[in-house]
Structures are given as structure tokens and as C-alpha cells.
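Enquirer: In case you want the letters, here they are:
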Amino acid sequence: MKFLSYVLLLLSISFSAVGEESEPAKVWLERLSSALNKLNFSTSFVVVKNNQAQPYHWFHGVDESGKELEILSLLNGPRRDILRKGNVVSYIEPELPPYSVTSQQISGPIPAILAGDISQLENIYDFISVGRSRVLGRPAQLIRIEAKNNHRYAYWLWLDQQSSMLLKLSIVTKQGQQLEQIQFTHLEITDKPSESVLQLNETELPVLVDIPEEYQQQELQWDVNWLPEGFTKINANRHKISLTKQPVEFMLLSDGLVDISIYVNSSQEKQRNADFVMDGATLVLNQVNDGIEVSVVGKIPSKTAKAIADAITIKPPQKP
Amino acid sequence: MSEGKFETVSSCVDNFQHDEQTFDNIINDEHLSTTWDRYHLIGDVLRNDTPDVLQLDLSAEIAKAIAAEPTVLAPKTTNVFMLKLKAKVVEFAKPVGQLAIAASAAGLMVLGVQSNVAQNNETILPSQIVKTIPMAGIAEPVSLNFQEPDRASQKQAFIDQQRRFHALLSDHQQQIKLGSLTVDSTNTDNESETTSIDNKKANKSN
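Line order of the protein sequences matches chains V and Y. Using the UniProt record's numbering, the first residue of the first sequence is number 1, and each one after it goes up by one. Using the UniProt record's numbering, the first residue of the second sequence is number 1, and each one after it goes up by one.
By construction, these hints were calculated from the structure, which means they are not laboratory data. Owing to the predicted nature of the structure, the values given are computational and were not obtained by experimental measurement. Beta carbons are placed, not taken as given, at the ideal position from N, Cα and C, and that holds for glycine. Any given hint might turn out to be false.
[Unchecked claim] The following label-pair restraints were derived from C-beta to C-beta distances: (1) V:206 x Y:155: 37 to 43 Å; (2) V:119 x Y:163: 37 to 43 Å; (3) Y:155 x V:265: 23 to 29 Å; (4) Y:157 x V:302: 51 to 57 Å; (5) Y:156 x V:203: 43 to 49 Å; (6) V:117 x Y:158: 42 to 48 Å; (7) V:67 x Y:163: 24 to 30 Å.
[As the list claims (entries may be wrong)] Here are the computed lysine to any residue pairs in the SDA-like style, where the Cα-Cα straight-line distance is at most 20 Å: (8) Y:177 x V:290; (9) V:233 x Y:173; (10) Y:155 x V:288; (11) V:245 x Y:37; (12) V:245 x Y:156; (13) V:85 x Y:177; (14) Y:177 x V:210; (15) Y:177 x V:288; (16) Y:155 x V:170; (17) Y:177 x V:81.
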């Protein structure tokens, strides 16, 4: 009798454990998305990369009319604030005068897709529920977003068991090396939006920049013959790089989670071998081939970036 | 008799601070107390303080006289007061000591930071955010035979490259911020999405 009860006890424990573990990772990510959109939270986190830590404050709230209010500010160095009021996002940065754009999401260190529709990623990434650990003093569920092919990095997310909020995020290579980490250091979830967030409603945001669609969809003088599966063209334009005043033909690609920029311009140099730097997980690769300078920027492995850079072909001139 | 004890006696003679325990030890040990006498005598001679007539057994005489005196049995009021005073002095003295230690540590840190800055001075380059990693097989060997102009041009190339990387990185981040506008219009998951598109149209008509 005693033996039987032990067996039953063991069985029940193992079943309950399996029951919780096997909860699909996608459900966790959907809960995260809804938490990021609906909760009133005040958090702090640090971005750890290149042996440096950048501290941020992040406030989010939903006011009585159901409008989302959000503030993300970098705490060290020159002021970098991102404000969001509904679908207007304002960037306050040292390089440019403050401006606003129409957008549903702020573009910060945390991938915007996590607050969006995660099912967009299903074709290219696998969602894996790995196990539990303790993060920020809370029980957390580890979810991995792993690319189905070798051309990308993996994203590991630690989510709060209780609120499904993000507690930690790591960008990891296929070999398991951590390139960039976001560690939350404080999380406060409240019933009502905090004062600092509500103040946004009274604040007047900077002027809205209206970018005509034609500008972002220009015909470029080159083409890229190979891209990792899942990347599509978002924008194509001609502009000058603000710091070097170098005119470039530019293309922005995205797979929903990762953004890649490709820059093409003519160079005074005839040939220069590929060289790259890494800023955390963000890679900047630059090479000159036959007087054409190609640069690839994005959170991708160097092999992928090199393959993209090599796949650039110049279109034969159509008009003299 | 260890050397340490003689040293203690010597330091007592030289008026260095010691607790009562040490003095008691010296007094109770005959050998040490004679050493005490001798050290004082040596000191007096060196300072030319010796009286005209040397009475070497003066302390012994005094000790005999004290022993002959009757014992007074009275409450030690003054002593208690002195003890309290002493305790307060000690309490006050301790934090000061800690402050001194903290101050000296701060001094060390300032020194350390300054020396670090001095060391880094040579290698300060504009916008060097990250280390360049050449693609496999292109790293050129660095040799001592390099001539100055070569090195200067190399350094210039390095600086140019760093600047280029930095500019590309910040432009990339900029473009993502502007690009999110078009990313949104392809999403059709929220009800609020439609309002955002409406807003866009409204903005355009303005």
C-alpha cells in the first residue's frame, strides 16, 4: 500500500512537471507580446556588450482611453530618449534635432517584434521552451528563438512565470557564445500607469517627419543575388550618411526580428579586403571590390554578411 | 626573555602609546622594570638631563615608602569618571581612524585613475568603438622594420576605417527607426493598426 502511494505520488509529480514544461513556447511569446502591450510597468535594464553596460529606464502604461504611453531613456552619457504616444514615436538624440515618426513600436535595444505578432517568425525560427531558472529574483521560463538555418544568431529570452514579462535576453551564436545581453534589474507592475508615463499626455511631441513612400522605394543601381531565407526588402533609398557625408545607395532588409542594412557606393580605392567590427551582436562589414564599396550592417554572423556583400551585382546602366 | 618585550619597554620609554596591560607587565617583571630604569637613565644621559647626584636606588626607596603606607579603603569615584572619559575618547578616536583609512584609499584610487589616463593617452583614437577584426588570412605581420611613414599611413587608414564603421553603425540604427514606418503598414494584426494607417493618410493630406 505504501509502495503504491509512493508510485502514485511520483507519477503525479512527473505529470505536473511535464504539463508545465510542455506548454508551447509560442504561447509564452504571445503572452509576452500581450504583457508588453497591456501592462503598466516601470523597469530598468542594462545592455551588456563590448565589456560595457548601458543602463536604461523603461516605462510603459495604458491610459484611460486605451492609448499606449511609453518612455525609454538611456541613463549614461548624452541624453537619448524615445517617447511613444499611441502610434507616434519621438526620438530625442544628440546627433539630430528631435523628430517623430508614425510607428507602433519604439526601436530600442529590445527587438520590436516581441511586442508584435510573433507568428511572423514561425517560418524562419523555431520556438523552444527550455526550462526554468531564477532571474531577477523570480522564477523564469527560458524560451529560445533559434534560427532554422545557420545564417543567424539565436535569441534566448527569460520570461517571468507570473507576468510573462521579459527578464533577460541574450543574443547567442550557434556555438553558444553570448554576444549581447539585456538584463533587467528592476521590474514593477502596477494597476495604474505611473505618473511619469501619464505626463506624456501633456507633453507636446516633436514635429512628425513624413517620409513619402516613393522615397523609400527607389530603383537602385544594384541588386543582391543572395539573402538568407526569410529576409525581405523593406526600404530602398539614396541618402548621405550623416557622419561622413558619403552618398550611398541603401537597402534595408528584415526578417521580422533582425534588420540588415546594405550600403553601396563608388570608392576612390580600387580594392580593399573585407574588414569587420562587432558592436555587441551588430556586425559592420566593409569591402571594396572593383572600385565599388559595399557595407553590410546587422545582427548577423560575419559569414552571412560576407556572403551578402559578395552577392551584390551592379546592374548594367540603362540610361546614359 | 624575548626581544619583543625589550622593544615594548623601549617604546614605552619613548612615550609611544601602550595600554595598561603592558605597563603592568613591565612593573610586575623585575627584569623588565630594571630595564625600564636603565633605558630612562640612558635617555637622561643622552639628553644631558642627569641630576648632579645620581641616586640609582631612588625608585626602590619610594617603593618601600609606599609599602609602608596604610591601605586606604575608599570608593574610587574619580577612577570611574576617568574610565568613562577614556571610553568616550576611544569611541571618538575609532571613526576618525576609519576615516583616515578611507581617505588614504581614496587617495590611492585617484592616483590609480590618473596613472591609467596617462597610460591610455597614447592610444586615444576618434570613434574607436570596437576592435577591428580582419577577415581570415588578411592580417599583416607587424615587424619592427616598418618605416615611420608606413606606420603613419597605416594608422590613418585605421582611423578612417574606424570612422567609417562608426558612421555606418549609427546610420543603420537611424534607418531602422525611419524604416519601422513601412514595416508597420504591412502588419495587419491590431485594430489600432487601422487608426495608424488612417493617421498616416491624414498626415499626407495635410
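Enquirer: What hint numbers does the structure not satisfy?
Expert: 4, 7, 8, 11, 15 and 16
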